[in-house]
Amino acid sequence: MPSKNSINRPKLTVNLHRKAQKAGKKRAARERAGHYKPARSADASKSGEIKSVALDLYFNDKDKTGQASTNTSTLASGNGSVTTKTLSKKRAKKIERSLRYAEQRKLLIDLQAKLENGNDDTAMDVDGGEVVKRVRENKKEKSALTQMKEALWNVLDDASSSQGLVIGSGQGTTLGGPFFP
Amino acid sequence: MSGIYTCNSCVMEFASSIEQRQHMKSDWHRYNLKRRVAQLPPITESTFNTKVNAANTAATAETTKNNEDSKKQLTKKEIRRREKEALLQRKKELLELARENMLKNMQQQQQQEQPITPQQQEEIPLVSEKQEQEQNQEQNQEQKSQVEAEQKQDNEEDLTEEQLAERLMNQKLANKVDIPLEQCLFCTKRIFTDFETNLDHMFKSHGFYIPEQKYLEDKEGLVKYLSEKIGLGNVCIVCNYQGKSIEAVRAHMLAKRHCKIPYENENEKLEISEFYNFTSTYDQFEKPARKKKTVIQINSGDNLEGEGEDEWEDVDSAEDDANGNGEIEEELYEDDEDEPPKEYLYHDNVELHLPTGIKVGHRSLQRYYKQDLKPEKELTEGQGTLMAAETRSFVNTLDAKEIQVRQRTWQTEIKDKKTHDKRRAKFVNNQPYYRDQLLQ
Amino acid sequence: MSLAISSEDTQVLLKDKNVLQESVLDKYRTAGQIVQTALKYITGLINDTYHYKTTQHQFTIPELCLLTDSFILTRLENYYKNKVNERGIAIPTCIDVDQIASGWCPEIDDVENIKNWNKFANLETSPFTSSITGVLREGDLVKITLGVHIDGYTSQASHTMVIYPTTQEQDVVKPAGPLLGGKADAVACAHIAMETVVALLACALTPEKLPPTLASHGGQVTGQLIRLVVDTIAKSYNCNVVPGSRVRRIRRFLAGQNEGIVAEREYKGVIWTESHQEQQLLSNSDAKDLAIVERSRTMVTSASAVPVDDFVVKNGEVYLVDLKMVPLDQLTKKGLVTLETIDSFSGKSHKENDLVARSGSFVRDFAQSHILKLKTSRQLLTKIDNQGVYPFKLSHLSQNNFPLSSDDEFDQLKKELKSFRLGMSEISNNYLCVETPIQVAKWIPWDHILKSTNSNGNLSYDATATLTLPGHEIPLPKLGISALKLKALMNSTKECVTLPVARECNTVVLCDTDVSATDRPELLRLTGGSKTCQPSWVHSKHELNKSESIVEGIFQLDSLTKDKRFGILLRETQPMKATI
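Residue numbers (UniProt numbering), protein chains in the order written: chain A, 1 to 181; chain B, 1 to 440; chain C, 1 to 580.
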């Protein structure tokens, strides 16, 4: 490790490391102090998801009023703590609108799928060439591993029904008795 | 005469190249070439021819050609040497015989505890003396004695060895001089009051030292044996010089300072071993201390025994100057495994084995003696079973293909790392006092 | 390898010393008796503490482990003293609760450490609460594992206990009711599988008595048959056999304690690994004969060290039957049951319910040699080498304070352990000793495995995965998934769950007529059996379907064991009397 004043000191890496270290330390301290609840790595954490204050406020409000807060939201603002953030009426309206749109979009997709399945002939002239190409490509590059995986997929798909076990006559098995061996 | 075709080695000149070539192929030319190499002057053709003739006649004298060749190489000196060797061989055999006889007689003497009869006395030294005489003489001397013997006994060749010995014995017996115990072995006509003062005298004025007095049992027997050797056999006690008379031997011994008992090699020790008893030393070997390691200081400066063994020190001297200069540390190991060595002090080219069983190493090997090696591990049965059942092999086999694959993975890994670094450096924040808003 | 054994010695050590004769059998039997007694002792202690609640002090898991070990050693004092060179504990007593499959035997000085490392764990929801606090709770599956060897002849046992809520009826404390649900399935399955395998092994003495439905597989007791029977039972109870289960022949000093370290010559036994689950899944599809080009590292071992099912059980052999079962009742998908090794790295940003601990027992790897630097570690290594070839805990190495004689020795032991830890770190850093891992049973859905990309293939190498059997280094050879990749897969999905494990382990001797007590060949159960390993009160809603041919064979086997005259002979080693 070169000294702090060395000419050839790899400044970049050193700075990077120091920063990462410090940030890590602070994060660990905060985590320990319970500022991140749930922890970033926890299953319930929303870390990494797209964050929107407005949406949070909107859904929180809805929870409180609608379902009398049965499921405790993990967001800080959701725990009844006081926030400075507010949700304007206009913004709330906009959110409502976009939610509606999203629902409609979903319905549309279903409808399209139905259409495609129902009358294949009409769709053929649009997508036909592409589909054929894809099939050919698949055949070409099927390695042993892909074959193996496909075989396993088939088993998994089939087995979902047959997995349920035969439960004899319903009596079951009883071992031991009401004592401590 | 300045021809073109010459031969420098034979100092010759030729008319034509063919002649010259002929000459070059001749034996004469070759011989001269060899002489020239040996820096000898060339010889003429006639001399060469006579030489060749002489050699040829010599060769025909020998029966086979092979023999001739070998004979040619033998010089006179060589022949003489061989003859001498043969003689020496014969002498040695005789000597062995005589020694055996002598020892037998000695035992008889001790057993009988009788005053030695003259005849018995004679027998021993006579035989030994004869051989010793032969052994010590130079070759011409030997020849002379043989001539003398021939003169004395005309039909000696017809006699058997025993008869010869008997005759010589008788002759010696006639010349026998008895040296009593009170008389000095070396001075003529010096008689002391008792044996001890005589010994004292001999020790002080002649340096007659009796070795290993501690274990000596029969001091008088020893002195008597020596006096017989001198008086009867007329033989020097040190070099076995054969004198014509007792006076001659005494003169020899005094002149050469051969007034001591030789006690160097094994034969010499064995010769007088009958008068000693070493049984008390045997138990030292029976229970040597196990692995006792002593480090003693050795001063290499003094106490040199001989020119060849300046690094070796015996134990006594080493202990004497233990507080000496002390540059060298030698480790002595008790030799605990071997039986007491037959030879008390010997050197096996690596270590010097002392009679006590200690081995002395050379200081040049100090680094090896200093090593403290791990004792060999003994496995318990359980460990042994595991090892026996083990089939793992710890030999790394190098598979070229595998290494190639591994290298490729390493390369891609490094490449990935580099690109990653490059991309990260693009967005790096180098402001030293920047505070991340997320962490506030 | 620095040490080589001559072929004559190998013959003696591996063959001649394993010939079953009266003296050998007696050593096995004595070891078995001590194990049975110790098992009785520890179950008694647990019952007193957690069911009858008669003890003033609530014994925690580390204390129970240590007390049992010390009990075994004091008992062992009376047998074969000065007659054999080596005798002692064959496996430190482990008490594994619920999800932990094996290896939980913390030192007493680690109690605080474990609490500290796991302080972020939510003790209400975590499945490892009992292990962390050391106090058992109601509903726990408690697996007790212990073993004794005399002159290398080893007896081992494991048994699953259940901690019940109690009720009091007429001054008699009783469990409030049978255990239900998945855990009950696992317990019942493990018990039935164990009894069946023991009966099956007994049939190896008289193969003509083998039930016809089972005899159709060659008419002999083979590895395939054992696997088939166990898998069938597991399937009927909606359970899965945990990787690491095995039915194997044991020999003198080779009782499975060094599996994964020593690549044992002439390994004979059935083992269950992840690859067998993969195989089973594939057997349903048409891609059975698809072969993936193996790109594994070439390990130079002899072929006899690789466990295969292709063997026949013979007379005069000793078998270790070690079966672990997990229930699959909570799971809706097909998945792979595997084991996760617990480590003690506390700095990682772990999931809340992950366990952080370090293992308490170590095994010496005698093939390694190294000159150690610290004096402490050199001394410790000498102690370890003297102790034998079996796994050991650091507290076993204490000269003065073990076996325990009074209570204050707990504290002295703790002090002594400090210096041992120092030495042990150097020893294990140089691979002279290997930690026996603490393993947790985990389930990963197959679809997650199939969806994942696996760019490195089976080339990636997990340096921390120490104990793998030769030939089974890659868990999923068909898919080319290495141990390291599997570890990554476990952490990359939230669907991955831990499962409770039930475990039964017995040692049995197949005695031929020359050593058996009667004139007929018989199977001697060194450990386990009705006296010590009675099943707890459980009720599983599953049962064996008699219409299936193999199950039919299993029922016939059961009736054979009950038939004293024409059936198969089973004898059990009894625990010793309570006081000595």
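Hints are supplied without guarantee of correctness; some may be wrong.
What the hints assert, rightly or not - To give a feel for the contact side, a few chain B residues facing chain C, derived at Cβ under 10 Å:
| id | residue |
| --- | --- |
| 1 | K91 |
| 2 | P375 |
| 3 | E381 |
| 4 | G384 |
| 5 | R392 |
Just so you know, these hints were derived from the structure itself, not from any lab. All values derive from a computational prediction rather than experimental measurement. Glycine residues also receive a C-beta, built at the ideal position from the N, C-alpha and C atoms.
Evaluation of the provided hints:
Because the smallest distance between the Cβ of K91(B) and any Cβ of chain C comes to about 57 Å, over 10 Å, the interface hint for this residue is violated. With a cut of 10 Å, the hint placing P375(B) at the interface with chain C is violated, because the nearest CB-to-CB distance is about 12 Å. Taking 10 Å as the C-beta contact cut-off toward chain C, the hint placing E381(B) at the interface holds, the least distance being around 6 Å. Satisfaction of the interface hint for G384(B) is found here, the shortest Cβ-Cβ separation to chain C being roughly 6 Å, below the 10 Å cut-off.
Among the interface hints, the one on R392(B) holds; its C-beta lies about 5 Å from the nearest C-beta in chain C, closer than the 10 Å criterion.
Hint compliance for this structure: hints 1 and 2 are broken, all remaining hints hold.
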